[in-house]
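Work out the full structure, taking the sequences as your base and the hints as a guide.
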Amino acid sequence: MNIILKIIRYQIHDISRSKWLVFYTLFFFLITYGLTSFSNDQSKVILSLLNVSLIIIPLVSIIFGTVYLYNNKDFIVLILSQPIKRSVLYLGLYLGLVIPLSFSFVIGTLVPLIILGNKIPVQFTLLIFLFAAGLSQTIIFVSISFLIATWNENRILGLGLSIFTWLVFSVLYDGLLLLIINVFQSYPLEKALIGFSIFNPVDLARIIVILKLDVAALMGYTGAVFQKFFNTNLGIIISIMCLIGWTVVPLIIGKRKFSKKDF
Amino acid sequence: MSNRNGIKYYLKWLFCFLSTGLIKNSASLFLIIGFLLPGRVNFSKSLLVGSNQYFKTIKSALSAANNGDTILVYTGVYNEHSLLVNKAVKIIGIERPILTGENKYEIMKIKSNNVLVRGFLFKDTGLNFIYDNAAIKLDSVKYCTIEENKFTNNFFGIYLSRSSNCVVINNELEAFHTKETYSGNGIHLWQCREMIIKNNKIKGHRDGIYFEFVKKSEIESNISYSNLRYGLHFMFSDSCRYFHNYFTKNGAGVAVMFTKNVDMSNNIFEYNWGGAAYGLLLKDISDSKIVRNQFIKNTCAIYFEGCNRVTTLENNFLENGSAIRLMANSMDNLFTRNNFIGNSFDVNTNSTRSYNTFESNYWSEYKGYDLNKDGIGDIPFRPVKLFSFIIEQNRPALILMRSLFVDILNVAENIFPSLTPKTLIDSKPKMTKYL
Chain A
1 MNIILKIIRY QIHDISRSKW LVFYTLFFFL ITYGLTSFSN DQSKVILSLL
51 NVSLIIIPLV SIIFGTVYLY NNKDFIVLIL SQPIKRSVLY LGLYLGLVIP
101 LSFSFVIGTL VPLIILGNKI PVQFTLLIFL FAAGLSQTII FVSISFLIAT
151 WNENRILGLG LSIFTWLVFS VLYDGLLLLI INVFQSYPLE KALIGFSIFN
201 PVDLARIIVI LKLDVAALMG YTGAVFQKFF NTNLGIIISI MCLIGWTVVP
251 LIIGKRKFSK KDF
Chain B
1 MSNRNGIKYY LKWLFCFLST GLIKNSASLF LIIGFLLPGR VNFSKSLLVG
51 SNQYFKTIKS ALSAANNGDT ILVYTGVYNE HSLLVNKAVK IIGIERPILT
101 GENKYEIMKI KSNNVLVRGF LFKDTGLNFI YDNAAIKLDS VKYCTIEENK
151 FTNNFFGIYL SRSSNCVVIN NELEAFHTKE TYSGNGIHLW QCREMIIKNN
201 KIKGHRDGIY FEFVKKSEIE SNISYSNLRY GLHFMFSDSC RYFHNYFTKN
251 GAGVAVMFTK NVDMSNNIFE YNWGGAAYGL LLKDISDSKI VRNQFIKNTC
301 AIYFEGCNRV TTLENNFLEN GSAIRLMANS MDNLFTRNNF IGNSFDVNTN
351 STRSYNTFES NYWSEYKGYD LNKDGIGDIP FRPVKLFSFI IEQNRPALIL
401 MRSLFVDILN VAENIFPSLT PKTLIDSKPK MTKYL
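Order-wise, the sequence lines are chains A and B. Be aware that the first sequence starts at 1, since it is given in this note's numbering, and climbs by one per residue. Be aware that the second sequence starts at 1, since it is given in this note's numbering, and climbs by one per residue.
Since the hints were made in silico from the structure, they are not lab data. There may be inaccurate statements among the hints.
Chain A stretches covered by chain B per the calculated footprint, using a threshold of three residues with CB under 8 Å from any CB of chain B [to be verified]:
| # | region |
| --- | --- |
| 1 | 175-185 |
| 2 | 197-208 |
| 3 | 221-230 |
Beta carbons: idealized from backbone N, C-alpha and C, even for Gly.
Here's what the structure looks like:
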């Protein structure tokens with residue numbers, strides 16, 4: 001435990017000096033600041049932020065994670081020469097990246113909201129939802145990126161794979177869904193679609209966004225089915241379980257790979 | 001003596017008086033006019049009804065009354081049902097007496113012209129599908145006024161049929177039904193002409209205001225909310241106007257059907273949510289106007305089916321699910337100078353062609369530019385997105401709303417339109433919103 005904390009502390013220290021993290025923070029700061037100063041409706045601001053972060057956070061997390069692991073190969077090899085368990089090192093590296101990334105996202109969005117906060121009333125439930133969505137995306141996609149980086153020795157292939165993974169989750173998956181919807185037009189697809197979308201963390205967060213943002217458009221049978229599922233305890237528990245699954249499964253597989261890996 | 005002889009006689013008499021110069025002051029002139037118009041002289045009396053008054057029941061007062069009398073009803077509970085008003089009387093409640101139908105009967109039936117009913121609380125007419133029990137029913141009458149009454153828990157509230165020139169004003173109606181089939185309408189008009197429905201509040205009925213075969217009437221400044229079906233249900237009623245009304249949270253919004261020359265202006269349609277709920281449902285409407293209305297947060301703000309030559313002018317569409325759903329059988333409609341702000345879909349249509357005109361509207365979704373600074377965007381706006389077209393044919397695809405993939409599709413379709421109607425464009429989109 002002590003060793004994990006040490007590794008995490010070193011990591012945070014190291015990454016904090018990275019100019020990319022500063023850019024990342026600055027990006028959220030500017031977006032939030034811009035949106036807040038242009039709009040008077042904070043719920044709108046938060047929902048637009050959610051929309052932006054659903055594209056940006058997975059992309060940045062997955063690329064940053066992959067590149068980070070490749071770049072620190074020397075450091076990892078060095079640490080491995082010490083009497084440290086590999087799983088502990090892997091977990092330390094993971095948390096050491098997730099914590100600063102999450103932190104910069106939270107700081108980047110929260111500071112402008114506080115600065116301009118007295119201009120408009122704060123919507124706490126939406127704010128909490130924004131942070132929950134952002135943090136879960138970070139946790140999940142760093143976990144996936146670590147798996148990709150440990151699996152592939154080839155940097156180019158690894159980086160390509162992570163971009164492709166992002167593309168799958170954000171774009172191609174939805175394309176596939178649209179295809180399914182079109183092919184099986186004459187069947188009641190609502191429940192099946194909920195099943196499909198649960199297996200994509202980006203979609204899951206997006207659906208909860210539209211349930212908040214486009215309530216009026218979603219009225220009708222389709223919307224009612226979604227609403228019924230995502231507003232019940234069972235639906236929420238299943239969604240959270242899926243998000244946890246998306247974090248834990250790649251992490252465990254990655255750790256196993258990492259433990260057996262010949263550096 | 002016949003009437004004509006009588007007039008001659010009077011005229012002769014008057015002439016004598018004038019010529020002999022006997023009249024010097026105005027008092028005697030009035031006397032003469034009084035004699036001249038014997039039929040017009042109205043010795044109307046007031047009949048008092050109450051527990052301490054001469055008449056104990058309204059029924060006895062009604063049978064004792066003559067045309068033109070006033071019946072003053074003091075406060076109290078009157079268990080009198082099926083009151084038949086067949087004389088031109090004013091029935092006025094003092095401190096809101098209660099008339100109840102004991103959950104079985106209808107309360108008052110008016111069958112005479114020139115009746116006024118004011119200041120009562122009508123409650124508890126029972127359910128009856130044969131007689132359509134109503135708190136007040138007016139049948140084949142003219143010039144009646146129903147004002148400042150309250151109605152609670154009635155099957156039908158005010159039921160007018162085959163009548164004309166009546167006024168329903170400042171009433172409050174409330175019902176507590178839960179099923180459409182077991183509830184009646186608040187203000188129900190059937191085969192009427194030149195009526196005025198003004199300043200009423202209607203809640204919890206099946207349809208707040210119901211118009212069928214009504215001509216040249218006005219619905220003004222009413223509030224119709226939380227009704228089970230429509231806030232206003234309007235059919236076969238040519239040349240009517242409704243304006244300054246507020247319709248909100250009705251089961252299915254407002255429906256206007258099978259009518260020509262309707263003028264709908266300055267109304268507010270708000271929070272009509274549901275799969276079959278419309279801010280304003282238009283079916284087979286022609287030559288009508290929708291002007292300066294507010295459509296706020298409805299599932300669908302206006303639904304056009306089989307509508308021709310309808311002008312939609314200077315309305316605000318704010319945060320609706322879809323602002324306009326335009327079915328393929330609607331033609332020659334004009335949409336101009338409207339604000340479309342923050343709607344999930346601006347225009348949905350099920351056709352690849354469009355014979356309607358969109359011009360000079362403000363669209364918050366518009367991303368064009370204005371290089372010559374004339375306030376009009378330089379590139380045309382296509383309000384129908386590919387995605388809204390997909391949704392129209394395939395509702396479950398709603399799950400992909402706001403996905404990056406859908407945004408990419410929309411951009412591609414916008415550049416090379418292939419599925420969305422090519423002619424459905426606003427060629428002069430306004431850069432800033434209309435105030």
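Index of numbered hints that the structure contradicts, given in increasing order: none
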